[in-house]
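Trainee: With chain A held as given, fit chain V onto it using these hints.
So the sequences go chain by chain: A and V. Per the working numbering, the very first residue in the first sequence carries number 5; after that it's consecutive. Per the working numbering, the very first residue in the second sequence carries number 5; after that it's consecutive.
Simulated from the structure, these hints should not be mistaken for laboratory data. Quick caveat, the model's predicted, so the values are computed rather than measured. Do not take every clue at face value.
Unchecked claim - Here are the simulated distance ranges between beta carbons: (1) A:PRO129 x V:GLU69: 51 to 61 Å; (2) A:PHE45 x V:ALA191: 29 to 39 Å; (3) A:SER180 x V:GLY35: 44 to 54 Å.
Said to hold, decoys possible - Heads up, simulated EDC-like pairs for lysine to aspartate or glutamate below, C-alpha to C-alpha not over 20 Å straight-line: (4) A:LYS128 x A:ASP144; (5) V:LYS128 x A:GLU139; (6) A:LYS128 x V:GLU139; (7) V:LYS19 x V:ASP144.
What the hints assert, rightly or not - From the structure, some residues in chain A lie toward chain V, with a derived Cβ separation under 8 Å: (8) LEU70; (9) ARG99; (10) THR102; (11) GLN148; (12) ARG152; (13) PHE163.
Using N, Cα and C, we set each Cβ at its ideal position, and we do this for glycine too.
Number of protein chains: 2
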Amino acid sequence: MITITAFERSPDGGKGLARDTRVRWALEEVGQPYEVRGVSFAELKQPAHLALHPFGQIPTFEDGELALFESGAIVFHLAQRYPGLLPTEPNARARAITWMFAALNSVEPPILDLFTARVLEADKPWAKDRLALVEQRLRDRLSQLSARVGDAEWLDGAFSAGDLMMVSVLLRARPSGILGEFGNLAAYVARGEARPAYQRAFQAQHAYNTR
Amino acid sequence: MITITAFERSPDGGKGLARDTRVRWALEEVGQPYEVRGVSFAELKQPAHLALHPFGQIPTFEDGELALFESGAIVFHLAQRYPGLLPTEPNARARAITWMFAALNSVEPPILDLFTARVLEADKPWAKDRLALVEQRLRDRLSQLSARVGDAEWLDGAFSAGDLMMVSVLLRARPSGILGEFGNLAAYVARGEARPAYQRAFQAQHAYNTR
Numbered sequence: 005m006i007t008i009t010a011f012e013r014s015p016d017g018g019k020g021l022a023r024d025t026r027v028r029w030a031l032e033e034v035g036q037p038y039e040v041r042g043v044s045f046a047e048l049k050q051p052a053h054l055a056l057h058p059f060g061q062i063p064t065f066e067d068g069e070l071a072l073f074e075s076g077a078i079v080f081h082l083a084q085r086y087p088g089l090l091p092t093e094p095n096a097r098a099r100a101i102t103w104m105f106a107a108l109n110s111v112e113p114p115i116l117d118l119f120t121a122r123v124l125e126a127d128k129p130w131a132k133d134r135l136a137l138v139e140q141r142l143r144d145r146l147s148q149l150s151a152r153v154g155d156a157e158w159l160d161g162a163f164s165a166g167d168l169m170m171v172s173v174l175l176r177a178r179p180s181g182i183l184g185e186f187g188n189l190a191a192y193v194a195r196g197e198a199r200p201a202y203q204r205a206f207q208a209q210h211a212y213n214t215r
Numbered sequence: 005m006i007t008i009t010a011f012e013r014s015p016d017g018g019k020g021l022a023r024d025t026r027v028r029w030a031l032e033e034v035g036q037p038y039e040v041r042g043v044s045f046a047e048l049k050q051p052a053h054l055a056l057h058p059f060g061q062i063p064t065f066e067d068g069e070l071a072l073f074e075s076g077a078i079v080f081h082l083a084q085r086y087p088g089l090l091p092t093e094p095n096a097r098a099r100a101i102t103w104m105f106a107a108l109n110s111v112e113p114p115i116l117d118l119f120t121a122r123v124l125e126a127d128k129p130w131a132k133d134r135l136a137l138v139e140q141r142l143r144d145r146l147s148q149l150s151a152r153v154g155d156a157e158w159l160d161g162a163f164s165a166g167d168l169m170m171v172s173v174l175l176r177a178r179p180s181g182i183l184g185e186f187g188n189l190a191a192y193v194a195r196g197e198a199r200p201a202y203q204r205a206f207q208a209q210h211a212y213n214t215r
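With the rest of the complex left out, here is chain A:
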């Protein structure tokens, strides 16, 4: 049985923004059952968890003798191992994988910077002035993405692990209101959320975090 880790209680209270949600979504898309092991904030930094995840975060993934960390790596593993999340034609497959990397490396960092500016550095004297700068960087990046997405349904042909990751990342920009400034990206995210597999994943993490 596949076992993943999640926050014992997600800081977002079950809004689906913690990174276990994207792994749950991938598991639902490929139809694999899984168990969840909750990890407290104290346990994240203890040797037992650090052996699974050197950076003391969630999610992790265990399946028999295989143990993985990093949500991108876990979703990619599932997409390689089971059908449904990557095209079989080699070039289309390489492009879908490119969008996974793009979501994680070019889109998620400016979104996380917003969290840093708004939350981690909220009490700093520069908080307000710097926030405007960080928000502008995020707008610049989303503007580029919006131009590429246009009115396409998904990033490159059929729904893929690239879309799963991009939608998951973009969802984290929605509470700021900045996602909503880009109508086509907001609609793209809504298409992702409407997928039955996403709905099952969302409900599962919501039930877990409000148990």
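Mentor: Okay, now just chain V, sitting in the frame of chain A:
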């Protein structure tokens, strides 16, 4: 013939820190010849280049009908397509890929934050006070990585695309002096640099940027 893009002149003047170096390195490891097309800063933001790279960056990769962007995706494509950069045993392969994602998502962002704090925000009133915070975050992350690496030669058994990416990312932390605070990581990076394929890649980008 494979064609990649690089800065027409890298801002680092050929120190190997631009992201084409990691792609050159992967191409050298798998023994594939390639051509380089230089892109000026003005061209990066023009439609012809944006069609290849929606975020207006380098490197890109073209091989026949296939066009990719994102250094992680390009290195991964090469590692999948040619032998030499990923183990064949499935679990070892999944772990090596995990380190690629870890390098790009958990280690490179705090290193790029240092660049943001030191260069992009150097003229801001908060520059000095905030730099200490950003440096501490990077130390915390490298400390976790250092604990995991220990005295191992490579991250997980034989040298892999995971090491190629981690070494490439860590090299960007060296000019700050912070990499040098972690002796085992500095030695790990030096082992990467000593590989003949890295040496060829470094020389090629150096010659290109000093032509």
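Trainee: Does each hint fit the structure? Answer for all of them.
Mentor: These are the hints, each one checked on the structure:
The hint said 51 to 61 Å for the Cβ distance between PRO129 of chain A and GLU69 of chain V, and at roughly 53 Å that hint holds. Range check, PHE45 of chain A to ALA191 of chain V: Cβ separation about 33 Å, and the 29 to 39 Å hint holds. In this structure the supplied range 44 to 54 Å holds for SER180 of chain A paired with GLY35 of chain V, their Cβ-Cβ distance being about 46 Å. Distance hint between LYS128 of chain A and ASP144 of chain A is unfulfilled; the C-alpha atoms sit about 25 Å from each other, more than 20 Å.
Straight-line distance between C-alpha atoms of LYS128 of chain V and GLU139 of chain A comes to about 16 Å, which keeps the hinted pair within the 20 Å bound. For a cut-off of 20 Å, the pair hint linking LYS128 of chain A to GLU139 of chain V stands: about 16 Å separates their Cα positions. Of the pairs offered as hints, the one joining LYS19 of chain V and ASP144 of chain V is violated, with about 26 Å between alpha carbons and a cut-off of 20 Å exceeded. At about 5 Å, the closest approach between the beta carbon of LEU70 of chain A and any beta carbon in chain V falls short of 8 Å, and the interface hint on this residue holds.
Look at ARG99 of chain A: its Cβ gets to within about 7 Å of chain V, closer than 8 Å, so that hint holds up. With 8 Å as the threshold, the beta carbon of THR102 of chain A comes within range of chain V, its nearest partner Cβ sitting at about 4 Å, so the hint holds. The beta carbon of GLN148 of chain A is positioned within 8 Å of a beta carbon in chain V (closest approach about 5 Å), and the interface hint is therefore held. Look at ARG152 of chain A: its Cβ gets to within about 4 Å of chain V, closer than 8 Å, so that hint holds up.
Because the beta carbon of PHE163 of chain A sits about 18 Å from the nearest beta carbon in chain V, more than 8 Å, this interface hint is broken.
When the structure is compared with the earlier hints, violations turn up for hints 4, 7 and 13 and for no others.
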